[in-house]
Amino acid sequence: DTGVSQDPRHKITKRGQNVTFRCDPISEHNRLYWYRQTLGQGPEFLTYFQNEAQLEKSRLLSDRFSAERPKGSFSTLEIQRTEQGDSAMYLCASQGAVGTEAFFGQGTRLTVV
Amino acid sequence: GEDVEQSLFLSVREGDSSVINCTYTDSSSTYLYWYKQEPGAGLQLLTYIFSNMDMKQDQRLTVLLNKKDKHLSLRIADTQTGDSAIYFCAVTNQAGTALIFGKGTTLSVSS
Numbered sequence: 001d002t003g004v005s006q007d008p009r010h011k012i013t014k015r016g017q018n019v020t021f022r023c024d025p026i027s028e029h030n031r032l033y034w035y036r037q038t039l040g041q042g043p044e045f046l047t048y049f050q051n052e053a054q055l056e057k058s059r060l061l062s063d064r065f066s067a068e069r070p071k072g073s074f075s076t077l078e079i080q081r082t083e084q085g086d087s088a089m090y091l092c093a094s095q096g097a098v099g100t101e102a103f104f105g106q107g108t109r110l111t112v113v
Numbered sequence: 001g002e003d004v005e006q007s008l009f010l011s012v013r014e015g016d017s018s019v020i021n022c023t024y025t026d027s028s029s030t031y032l033y034w035y036k037q038e039p040g041a042g043l044q045l046l047t048y049i050f051s052n053m054d055m056k057q058d059q060r061l062t063v064l065l066n067k068k069d070k071h072l073s074l075r076i077a078d079t080q081t082g083d084s085a086i087y088f089c090a091v092t093n094q095a096g097t098a099l100i101f102g103k104g105t106t107l108s109v110s111s
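Protein chains in written order, with the working numbering: chain A, 1 to 113; chain B, 1 to 111.
Some hints could be false.
To be verified - Below, simulated EDC-like cross-link-like pairs (lysine to aspartate or glutamate); rule was C-alpha separation at most 20 Å, straight line:
1) A/57 / B/3
2) B/103 / B/26
3) B/103 / A/86
4) B/103 / A/44
5) B/56 / A/101
6) B/36 / A/44
Calculated from the structure, these hints are not laboratory results.
Keep in mind the model is a prediction, meaning the values are calculated, not measured.
The task is simple: from the sequences and hints, build the whole structure.
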């Protein structure tokens, strides 16, 4: 297993377009998280899945954001009608159980122009 | 909600010890973590401590936890230039469903 992988690594999009990111967690991990990190800040929690169930969403996750994990394996994060303020690094992490290490992917850097 | 605070910068000379401090607000946090992020790279877990411990040592790293003061520190002994990075303190939220991160401390090591 090569760890958590995210695709694409970089995405440049025009304001108003929709974008979708993918995260492939470590295969036996049932917990999956999405975070957003802007320059000079720590990662901010967006949402959490346990298997296919989305159990928690941050108030940062506006109506334009939607995340899915249809079969409890990979996850997608979609941003509709992107805004310049959405420009950030989007990080995915997976974890086997509470208290164990949460492994982070390399992230997807989104630039909205 | 949970808040995690860290000092933003620390500068040390190679060979000295570095101490990075963190304070948090939620006393119910059960796991407390230190992550390292190098430029252009992802987050790497350095170490973590369970809330019923007050110290954990792992080679050059020592974590100290003061639950009463909600204070966590990371000491790096014999700091090397390769330790230059941003260090994030993170704690579990009350529900145990997310990690709440500080803004990170940029450690600069000069030779």
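message: Hinted pair, alpha-carbon criterion (20 Å max): residue 36 of chain B, residue 44 of chain A. Please report holds or violated.
response: holds, 16 Å
task: Measure nothing beyond the straight line between the CA atoms of residue 103 of chain B and residue 86 of chain A; if it is 20 Å or shorter, mark the hint as holding.
output: holds, 18 Å
Holds or violated: residue 103 of chain B to residue 44 of chain A, with C-alpha atoms at most 20 Å apart: holds, 10 Å
query: Given the hinted pair residue 103 of chain B and residue 26 of chain B, is their alpha-carbon gap at most 20 Å?
result: holds, 17 Å
query: Within 20 Å, alpha carbon to alpha carbon, are residue 56 of chain B and residue 101 of chain A?
result: Since the Cα atoms of residue 56 of chain B and residue 101 of chain A sit roughly 16 Å apart, the hinted pair holds (cutoff 20 Å).
query: Do the alpha carbons of residue 57 of chain A and residue 3 of chain B lie within 20 Å of each other, as the hint requires?
result: Holds, at roughly 17 Å.
Checked against the numbered hints above, the structure violates none of them.
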